[in-house]
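Student: Spelled out from the first residue to the last, the chains are:
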Amino acid sequence: MSSMTPTSTITTSTMFTYEFMQNAFAAAGIVAAVSGLVGFFLVLRSQTFAGHALSHVGFAGATGAVLLGISPLWGLVALTLLAGIFMGLLGERLHQRDVAIGIVLAMSLGLGLLFLHFFTAYASQATTLLFGNILGVDAETVWILLLLALAAVTALAIIARPLLFASLQPELAEAKGVSLRLMSVLFLAVVALAVAQCAQIVGVLLVFALMVGPAAAAQRLTTKFWHGIVLSVALALGEAWLGLMLAYVTDWPTSFWITSLSGCVYLAAVVAASLPTAAREAASPALLN
Amino acid sequence: MSAVELTGVSLGFGARTVLANIDLAIRDSEFVGVLGPNGSGKTTLMRAILGLLTPRSGTIRVLGQEVARGNSAVGYMPQTRSALDSLRLSGWDFVASGANGHRWGLPLLHSQARREVHWALDMVHASDLARRPLAETSGGERQRLLLAQALLGRPKLLLLDEPLISLDPHHQRTVVELTRTLQQQLGIAVLFTAHEINPLLGALDRVLYLGSGQAALGAVEEVITGPVLSRLYGSEIDVVRVNGRIFVMSGGYDVEHDAHQHDHNEHHVHV
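From first to last, the protein sequence lines stand for chains Z and Y. Going left to right, the first sequence walks through residues 1 to 289 as the working numbering numbers them. Going left to right, the second sequence walks through residues 1 to 271 as the working numbering numbers them.
Residues on chain Z that point at chain Y, a partial pick, calculated with CB under 7 angstroms:
| # | residue |
| --- | --- |
| 1 | Leu-172 |
| 2 | Ala-175 |
| 3 | Lys-224 |
Calculated directly from the structure, the hints in this document are not laboratory data. Glycine included, every Cβ here is placed at the ideal spot set by N, Cα and C.
Model the full structure from these sequences, guided by the hints.
Tutor: Below, the structure is given as structure tokens:
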């Protein structure tokens, strides 16, 4: 450790001369931006657990794809999309069904494990899929991630307005002609796309860190919709890129750094948000009520 | 022209019939309190007027037209949800989400739409409190924001579903008086559901009482009587008037107050 400190400034300056680092930065940037955007709505709709479950379903898809000789990314995308649409169709019936979602989630991981068992040559992929391996992303994958990101962001931009309305005031939105089920299906399809990308960076187990952490922190720090969106994306980008740099310097896993940063930022946001409110309550108790 | 006109309307879901063969007409600028025991069809009636529930039989006309979902001339304030208690979004953004919220695209507001949101917030005196996050508003303040949202699009008919639920008597009075003022200023029709008649006395023009699949519409002294309510409740009801307040009693129980308490508890259990 002590020998690393004086050389760390030199190593970060040479960081971008490596192609794998260029790819890693591009991939992390693309995925973090999408995660920050999609995650904002996920947190607003209190559907974070659904996002978590989708990523686990993706594990079975990725390992199944490996077994069939297809790229795990496509298996991940296909199965999360299917599962997302299915969950959206179930809609309200899935609300508060933590047990059912949890069991499907565990089953998916188990199924993924079975697929890996059949294809032992790829056993090392388990760690990659579960915990991510951003430094292993090649240029072709960056392009695929970019296309998936464009698809997800475009879809989100088209549905954003009725989605926000339906998230905040479902009964009123329904009365005004918004189909709650269509919103639910389309949004969870977008979430599925984002989750599949996110899993490339931090792995299926740690998707929460990029999808939920920055968005939840942003919603603590600002009460304005657009400020929240921008802040959520900025935090996700910051955490992903800073995590990469720290991983480069320390040689510790990138996913460790990203999840740690995400956790610290959320904690700081909770503390920061509670301070002024507490002060205000103490100053003028009569105003609140 | 009537604000709402029901002709031979039956409403229900599954095997259950909630309202059977109802005929009634709400005038175009009157304040009507909608009362009745739990499950008597107050919310079901509103959903039918909004076009969210197709009648089993009969026709519903709203503001002279065939009932249709998404009618911009109909404003609606659903019952408040527990999810709003923890919402960190500002009241302004919450209300504004309802401005043309059904259209595709990004939730950006044109200056015209922004003016509309400002107008609606001004109408309920909520421009200042709209800066605060929803999580930091009281029950009464939140009802004003919901009311502002219902006013977007300048409706001719306003449907308010239980705006008094879980409010203390002082805030109940504020909401009723505000609704009455809005109704008269804008010259619109208001259907206002409640569990108890007393907070609405003095503000409403007529009362619509539902029960046992039937409906009675008329002035308070015509509808809130022993014989009419006995028919609607399907049991012997006494109406007692004390100091300008009305108590609907069944064998010594205050049924309206009891129903309110019951729902109140239920509301909190679900939170």
